[in-house]
Amino acid sequence: MATVATEIRPFAADVPQVEVDDLRRRLVATRWPDRETVQNDSQGIPLALLEALVQYWATDYDWRRGEARLNALPQFITEIHGVDIHFIHVRSPHEDALPMIVTHGWPGSVFELLKIIEPMTNPPDGEHAFHLVIPSLPGYGFSGHPTEPGWGPDRIAGAWDELMRRLDYDDYVAQGGDWGAVITEAMGRQGPAGLRGIHVNLPGAVPPDVEAALAGTGPVPEMTDEERATFDALRQYRVSGYSGYFIAMTNRPQAVGYGLTDSPAGLAGFFFWHPGFAGWTLDDRRKTKDEVLDDVSLYWLTNSAASSSRLYWENHGVSPTSSAGLHTTEITVPVGITVFPDDIYRPPESWARRSYPTLNYFNQVDRGGHFAAWEEPTLFAKEMRRAFSPLR
Amino acid sequence: MSVVETATAIRPFQVEIGDEHVEELRRRIAATRLPGRELVGDRSQGVQLATIEALARYWANDYDFGRVQERLNAVPQFITEIDGVDVHFIHVRSQHEDALPLIITHGWPGSVIEMLDVIEPLTSPPSAGDAFHVVIPSLPGYGFSSEPTELGWYSGRTAQAWAVLMNRLGYARFVAQGGDQGAAVTDDMAHQAPEGLAGVHLNLLRRALGSTQGLPAESEQERAALEAVNAFRTSGFGYFLEQSTRPQTIGYGLLDSPIALAAWMLDHDTDSYSKIASAFVDGKPTGKLTRDNVLDNITLYWLTGTGASAARSYWEGGRAAALAKGKTPPAVSIPVAFTTFPGEIFRAPRSWVEAVYPNVIYFNEVERGGHFAAWEEPELFAAELRAAFRSLR
Chain A
37 MATVATEIRP FAADVPQVEV DDLRRRLVAT RWPDRETVQN DSQGIPLALL EALVQYWATD
97 YDWRRGEARL NALPQFITEI HGVDIHFIHV RSPHEDALPM IVTHGWPGSV FELLKIIEPM
157 TNPPDGEHAF HLVIPSLPGY GFSGHPTEPG WGPDRIAGAW DELMRRLDYD DYVAQGGDWG
217 AVITEAMGRQ GPAGLRGIHV NLPGAVPPDV EAALAGTGPV PEMTDEERAT FDALRQYRVS
277 GYSGYFIAMT NRPQAVGYGL TDSPAGLAGF FFWHPGFAGW TLDDRRKTKD EVLDDVSLYW
337 LTNSAASSSR LYWENHGVSP TSSAGLHTTE ITVPVGITVF PDDIYRPPES WARRSYPTLN
397 YFNQVDRGGH FAAWEEPTLF AKEMRRAFSP LR
Chain B
394 MSVVETATAI RPFQVEIGDE HVEELRRRIA ATRLPGRELV GDRSQGVQLA TIEALARYWA
454 NDYDFGRVQE RLNAVPQFIT EIDGVDVHFI HVRSQHEDAL PLIITHGWPG SVIEMLDVIE
514 PLTSPPSAGD AFHVVIPSLP GYGFSSEPTE LGWYSGRTAQ AWAVLMNRLG YARFVAQGGD
574 QGAAVTDDMA HQAPEGLAGV HLNLLRRALG STQGLPAESE QERAALEAVN AFRTSGFGYF
634 LEQSTRPQTI GYGLLDSPIA LAAWMLDHDT DSYSKIASAF VDGKPTGKLT RDNVLDNITL
694 YWLTGTGASA ARSYWEGGRA AALAKGKTPP AVSIPVAFTT FPGEIFRAPR SWVEAVYPNV
754 IYFNEVERGG HFAAWEEPEL FAAELRAAFR SLR
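Just so you know, the protein sequences line up as chains A and B, in that order.
Quick note: the first sequence uses the working numbering, first residue 37, plus one each step.
Quick note: the second sequence uses the working numbering, first residue 394, plus one each step.
Source of the hints: derived by calculation from the structure; they are not laboratory data.
These numbers come from a predicted model, not from an experiment.
From the three backbone atoms N, C-alpha and C, an ideal C-beta is built for every residue, glycine too.
Treat the hints with care, since some could be wrong.
Looking from chain B toward chain A, a few residues come up when the C-beta cut is under 7 Å (computed) [as the list claims (entries may be wrong)]:
(1) GLY434
(2) ASP435
(3) SER517
(4) LEU634
Below 25 Å or equal to it, Euclidean Cα-Cα: the simulated SDA-like pairs (lysine to any residue) are [to be verified]:
(5) A/LYS323 / A/PRO255
(6) B/LYS718 / A/PRO255
(7) B/LYS718 / A/ALA251
(8) B/LYS718 / A/LYS323
(9) B/LYS720 / A/THR42
(10) B/LYS718 / A/THR266
(11) A/LYS323 / A/PRO257
(12) B/LYS681 / B/GLY736
(13) B/LYS718 / A/PRO257
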């Protein structure tokens, strides 16, 4: 029945206790490798750090608290193109608020976006407000796992427009970093009627000539000092080994998946390959250990390690920083970009202008990294207000 | 006994695996939590769920866990310390006193297990004049060799250790053989040309996997080889890159989940994967790539807890390559023999082998066998070594 398929059902997370107990049992029984042979994270997250995190996970961490953080918010599920999409939907008390769909990435989840909800839906007096829609990507968290290929960024982008229309938002904006940026840019290219503009905090701003120079297939173009600094950093990034997870997941998501599905320590260890966690410690205050474990536990308890990895396979290895790969010049709606200084690269405004002809907001802030909404929610919310104020 | 004597002592070694370790392994296999099925009909997303399910079933229910111990203890094994690492090795002397000493190096995801069936045909060949004394070491960080606790154990350092080992065994003149990581070690030995090394035989052209620059691509064979290398580098390279950049990260899963370890080890090249998958899913092994033999190897990795340390050898390889960037190693002057097995990642044409090694004394392309040539086709492999080294006797 058509009415059933487009139905929006309320949702509350309630993971069976037997799953929570099984996770704890596995954590306690972890069989560890020997310590790394270096004094840094160049072979992966150091044994001592992961052991300490797993110890905390198995003893003091409480999944029910993480679950309660989600259940304190209005959550729903609706089926789109055959896949159940889980989403958080918080309407601002201000009726004239701008509807926005915010998309997380990997190894993130809706958890990384929880702290922006309050400042964006309930801003300081006189500031613009947003109605927020925060979906879980297909294959992630409480969304369903696609059982057929084809759920790449383009299809997800189309599904997001369908979701916004189903919520009766016929005039909205979209935002994302990491995979969220790739999907938001796909929305910008598709240009559905209701989409007024987009904002990304990991832009695909590396121009084709720079990319060729990085790959060694073209000459190094003339660059300003600022461009040169970013170019050098990108070149260093390529040899640092940080991008290995990207290639492993693109090539063989299923092979990576077996370990991440059977070993929670293996799953956590793998997450820390992501440069967004570089330098992380147990007493990190921007991404606390409880918040990190909410995120990892969500992947574990929903058995999403392999299904989430498949998004990389679907995308055929296109780099999220590549203008040509993401066809950013085909985006027709206004684009806003905020560069958070500790993200995987700092695109100069000149590159952003070349890559995004419809760029109408560009700002580089002084703090925050790859998980900007998680790390600097107040600053992030402020950037959203500034970026979208011309569109109101 | 002086310290020096202790360090160079060669101690007999026997495998002893406690029942509790086997029980623990069995328990973990039974408790495996699996991902959902892949979304494609081939291995392009990785080892297929049906393959791993069949493997898990056989491993937990039908596999005889005593096999590893039994098969290894059936041959003389030793341990000796070289350069701070305990090196485990099998050493089988031919009954023919003037046999040619040969050191064979396994690769990843292999071990001495893959070489067990070549021992008999090499030490006791049809013709006495073709016999070898066989030395089969476990790479540092693999199997019963100890794990290096310091940096620097790339293939070149292992190559030096192997020369020390042959010397310590009293072999003044010997030959060396290797495929996969064993080809890297053996190629490094050929470059180092230690005293006594009379020649080498390889079944993987290491150099072409790193770069095909300067290799001819005109004939049909050459173009096919180039295409196969490129395919590997674009879609089959994930494990290589992962191990060479973050071995500790992948190690956490490999040490904690036997099925993750099995899947990781099966996800090597397409040819060996399809042969092994067929053994488990359809019960149709190719050559000696039987379910039991494949599980012997995986069980050895599990019981010795070497998933991370073995992966680390790739990290060392990456580091060594970065340090050596821009430096061309001296050309190999000693004799090189090569066999191309058809199922290998790419079929190295003679022209490529000759472009890499100036002194090729033997080249042959055989009709069976793949990446794990010695394991899959031990008789054919042994026949190739006999033919390859005949002129050096």
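Verification of the supplied hints:
1. GLY434: 10 Å, violated
2. ASP435: For B/ASP435, the interface hint is violated, since the closest Cβ of chain A sits about 11 Å away, which is over 7 Å.
3. SER517: Result: violated, 39 Å to nearest chain A Cβ.
4. LEU634: Interface hint status for B/LEU634: holds (5 Å vs cutoff 7 Å).
5. A/LYS323 / A/PRO255: With Cα atoms ~40 Å apart, A/LYS323 and A/PRO255 exceed 25 Å; violated.
6. B/LYS718 / A/PRO255: Answer holds: B/LYS718 to A/PRO255 is near 20 Å, not above 25 Å.
7. B/LYS718 / A/ALA251: Distance ~17 Å between B/LYS718 and A/ALA251 Cα, so the pair holds.
8. B/LYS718 / A/LYS323: 38 Å, violated
9. B/LYS720 / A/THR42: 63 Å, violated
10. B/LYS718 / A/THR266: 24 Å, holds
11. A/LYS323 / A/PRO257: 38 Å, violated
12. B/LYS681 / B/GLY736: The hint holds at about 14 Å.
13. B/LYS718 / A/PRO257: 24 Å, holds
This entry does not satisfy hints 1, 2, 3, 5, 8, 9, 11, going by the numbered hints stated previously.
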